[in-house]
Amino acid sequence: MDFTFTEDQLLFREAIGRFLSTEASPENLRDIWSNEQAPIDNLLEQICAQGLSALSIPEANGGLGMGDIAWSLMTQELGYYAVVDQLADAAYVGAGLISALPNTVALKAEYLDKICEGKLRLAIGHECSPLVADAQLAGVLLMQHNNEVHIVSPDNVRITPNASIDTSRRLAQVDWQPSDKTCAASGEEGQIIWQETLNRGALSVAGQLLGLAQRMLDLSVEYSLQRKQFGKEIGSFQAVKHQLADVAGKIEIAKPVLYRAACSLENKHPLSDIHVSQARNFCNDAAALAARHSIQVHGAMGYTWEVDLQMYMKRSWALNNTWGDSTCHQARVQNYVLNTDVDLAPSKTFEVMS
Amino acid sequence: MELTFSKEQQNFRLEVREWLAANVPKQKLPTYDTKEGFELHRQWEKKLFDATLSMVMWPTKYGGRGCDLIDWLIFEEEYYGAGAPGRVNQNGQLLLGSTIMEFGTAEQKARFLPKMASSEDMWAQAWSEPNAGSDMANISSKAELHGDHYIINGQKTWSTRAIYADWAFGLFRSEAGSKRHHGLSFLLVPLDAEGVTIRPIKALDGEDAFAEIFFDNVKVPVENRIGDDGQGWHVAMATAGFERGLLLRSPARFQQPARRLVKLYRDNKAVADRDASIGAAVAKCWSDAEAYALSAYNTVGRVNNGEKIGAESSLNKIFWSELDLLIFQTAMDILGATGQLLRSAELAKEQAYWLDGFLFAQAGPIYAGTNEIQRNIVAERVLGLPKK
Ligand SMILES: Cc1cc2nc3c(=O)[nH]c(=O)nc-3n(C[C@H](O)[C@H](O)[C@H](O)COP(=O)(O)OP(=O)(O)OC[C@H]3O[C@@H](n4cnc5c(N)ncnc54)[C@H](O)[C@@H]3O)c2cc1C
Chain A
1 MDFTFTEDQL
11 LFREAIGRFL
21 STEASPENLR
31 DIWSNEQAPI
41 DNLLEQICAQ
51 GLSALSIPEA
61 NGGLGMGDIA
71 WSLMTQELGY
81 YAVVDQLADA
91 AYVGAGLISA
101 LPNTVALKAE
111 YLDKICEGKL
121 RLAIGHECSP
131 LVADAQLAGV
141 LLMQHNNEVH
151 IVSPDNVRIT
161 PNASIDTSRR
171 LAQVDWQPSD
181 KTCAASGEEG
191 QIIWQETLNR
201 GALSVAGQLL
211 GLAQRMLDLS
221 VEYSLQRKQF
231 GKEIGSFQAV
241 KHQLADVAGK
251 IEIAKPVLYR
261 AACSLENKHP
271 LSDIHVSQAR
281 NFCNDAAALA
291 ARHSIQVHGA
301 MGYTWEVDLQ
311 MYMKRSWALN
321 NTWGDSTCHQ
331 ARVQNYVLNT
341 DVDLAPSKTF
351 EVMS
Chain B
1001 MELTFSKEQQ
1011 NFRLEVREWL
1021 AANVPKQKLP
1031 TYDTKEGFEL
1041 HRQWEKKLFD
1051 ATLSMVMWPT
1061 KYGGRGCDLI
1071 DWLIFEEEYY
1081 GAGAPGRVNQ
1091 NGQLLLGSTI
1101 MEFGTAEQKA
1111 RFLPKMASSE
1121 DMWAQAWSEP
1131 NAGSDMANIS
1141 SKAELHGDHY
1151 IINGQKTWST
1161 RAIYADWAFG
1171 LFRSEAGSKR
1181 HHGLSFLLVP
1191 LDAEGVTIRP
1201 IKALDGEDAF
1211 AEIFFDNVKV
1221 PVENRIGDDG
1231 QGWHVAMATA
1241 GFERGLLLRS
1251 PARFQQPARR
1261 LVKLYRDNKA
1271 VADRDASIGA
1281 AVAKCWSDAE
1291 AYALSAYNTV
1301 GRVNNGEKIG
1311 AESSLNKIFW
1321 SELDLLIFQT
1331 AMDILGATGQ
1341 LLRSAELAKE
1351 QAYWLDGFLF
1361 AQAGPIYAGT
1371 NEIQRNIVAE
1381 RVLGLPKK
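These protein sequence lines map, in sequence, to chains A and B.
Heads up: the first sequence begins at 1 in our numbering, then just goes up one per residue.
Heads up: the second sequence begins at 1001 in our numbering, then just goes up one per residue.
Hints were generated in silico from the structure; no laboratory data involved.
Check before you lean on any hint, since a few could be wrong.
[As the list claims (entries may be wrong)] Listed next, with one range per pair, are the computed distances between beta-carbon atoms:
id, chain 1, residue 1, chain 2, residue 2, range
1, B, Asp1267, A, Ala106, 52 to 58 Å
2, A, Glu351, B, Glu1107, 26 to 32 Å
3, B, Asp1267, A, Leu11, 48 to 54 Å
4, A, Asp2, B, Glu1144, 33 to 39 Å
5, B, Glu1223, A, Asn267, 53 to 59 Å
6, B, Gly1133, A, Leu64, 22 to 28 Å
[Unchecked claim] Listed below are the simulated DSS-like cross-link pairs for lysine-lysine, each with C-alpha atoms no more than 30 Å apart in a straight line:
id, chain 1, residue 1, chain 2, residue 2
7, A, Lys232, B, Lys1061
8, B, Lys1308, A, Lys348
9, B, Lys1308, A, Lys228
Beta carbons: idealized from backbone N, C-alpha and C, even for Gly.
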């Protein structure tokens, strides 16, 4: 029983954070938020040049074979710096999906190589959402049809962009036709792949939401130390203090829930679905409260386009309902607790059901 | 990260489980806020002690087993899971125990810890005074040093179970004219000493759960001082906040009622489901209790790696006290019109468990430092916001 990270994992997180603090600075983000495609390319190229796209590609395919546990630190950094969807979607969620495809799929190795080199943009269309992130940018689309996994070329689909409040997101409707030729996995195989992909996507979002919550809290603490009213920093007023303390509380309690879910997913724990949804519930809550209290602490400034808070806040609102909306994750946990016959004794927290 | 138990840990769990299955009284003991209940709980504690299960994480020479904190969490899961009696001496064992372990002399440890573990000595906390509640540094009870002893005068209040306890520990102003947290000494006072008067205070449930203690020229030998003269504040505060936060209320203490709440819901599903928010609240209670458990294992892991846990333990306290309120409020919502029934009522079955818990949950955000004070601490020491 050891609920901690290795020194390497922690150092890795720190290094990523340092790198992103310059490459994904608020100024760079603003560019991405206000322009179309070009600035995303710059950021993604920088990121791939650092080898970050190779993180979870299996070592046999030239990657680093990083697992979900380490990714739960990485996604928090991605959230903290509001890094666009494509990195986590390709390097983490997409890489996991492609790795899980049967080896008979001709393009599998090629795709893994390309992700590794940062040369493949991909988009994942899961039935949990009517919209596909980054469909416009993608070199390949991985689409769900019933339980089947389809690999679809952008040439054979109709893409209709739908603008999000998080303007760094590129969401689109994708009209496409499944066929035997596009089908890469079906039946039970496909079902397991999609189940795991939903969990990984949801966990990726959970980590990002937690990072976003921390960023909003940090911005608010900074603002409350600098803004003065009644001759004092507003951060000295108890009503302000308590709002921020409550955000800190939500963030602290969400962390271990996120880490346990990552551990479960990495080890294919039979309760991964539930653990991931629990993580989402806690991280959603943390981000939602961080957004609400942060804008309050910023006063009218918080309602402006000018203050950086807006980007992190809007992204948290958007992600809250990505890879499963908040209601669906609550329902998964609720159904498990209320409607199954499990023994919920205190001793069962880590016990694998047989 | 490796979230499975070792063979030794599993064996320890089974040993505790078996012992509890054979020894936990079948009939729930009467509340320890009565004389009879208090004594029955003392006997139970002795039984635990004889099986070296009363303070598993204490060194063997003080009556413990030298277990680590993971084992302690395991013990707690089994203990609460088995519905074993509440720990009547916990304010001594869990709060004072850690302090003596850190600041006591070898003699003091040998003198106080084993009898605390066996509950031959029962302990009451005596911090609060009529004018020193949240503002504990406003303590005015005095301790005048006269050679080898102090003479104590003043009043303490809200001292839990002091009416039946053998000893009290608290802070006294030992330097005349000193202010705030300076000039205080941490003293252990036998409650049968001459000049001690104890007056019970009836709590919300009508029992004498806490008491006022009056000191009228009470003589206390200097050997009963923990730490140096005038260093009492430091001693009282230094025992890692983590221990105060986590040890006092282990996750299993909330997981068990959350589990019972799920059962209450399942048994009364038709009634409960008239309001869809009830099912959601039940699931949240269970999930929050589990999150607290995960957080405890995470914290213990970090402590074992040598990390210091400071003011974030204030977040712990806010979390569990609010969770406790939610658990018992949700039970009340399910029980509806019968939730209010006392144990003696004809229609009451399981109700008394929920009503007792509901009443005591109201105190959670108040004792052990109110939640407002905890939020101040988090804002100032974790987030770095200005004091004034
Ligand atoms: C069940 C129970 C058992 C207890 N057991 C013991 C015991 O064994 N030994 C012991 O010594 N004490 C004990 N106490 C006392 C407890 O520690 C105090 O009640 C607590 O510290 C609060 O002090 P107070 O009651 O004087 O409230 P006050 O300090 O008067 O506070 C009243 C209200 O004002 C708020 N407030 C006060 N100051 C501030 C501030 N600076 N900022 C924001 N809000 C503020 C408080 O949060 C609270 O809501 C017990 C209390 C209870 C309820």
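Under the constraints set out in the numbered hints, which ones does this structure not fulfil? Of the numbered hints, 2, 4, 6, 7 and 9 do not hold.
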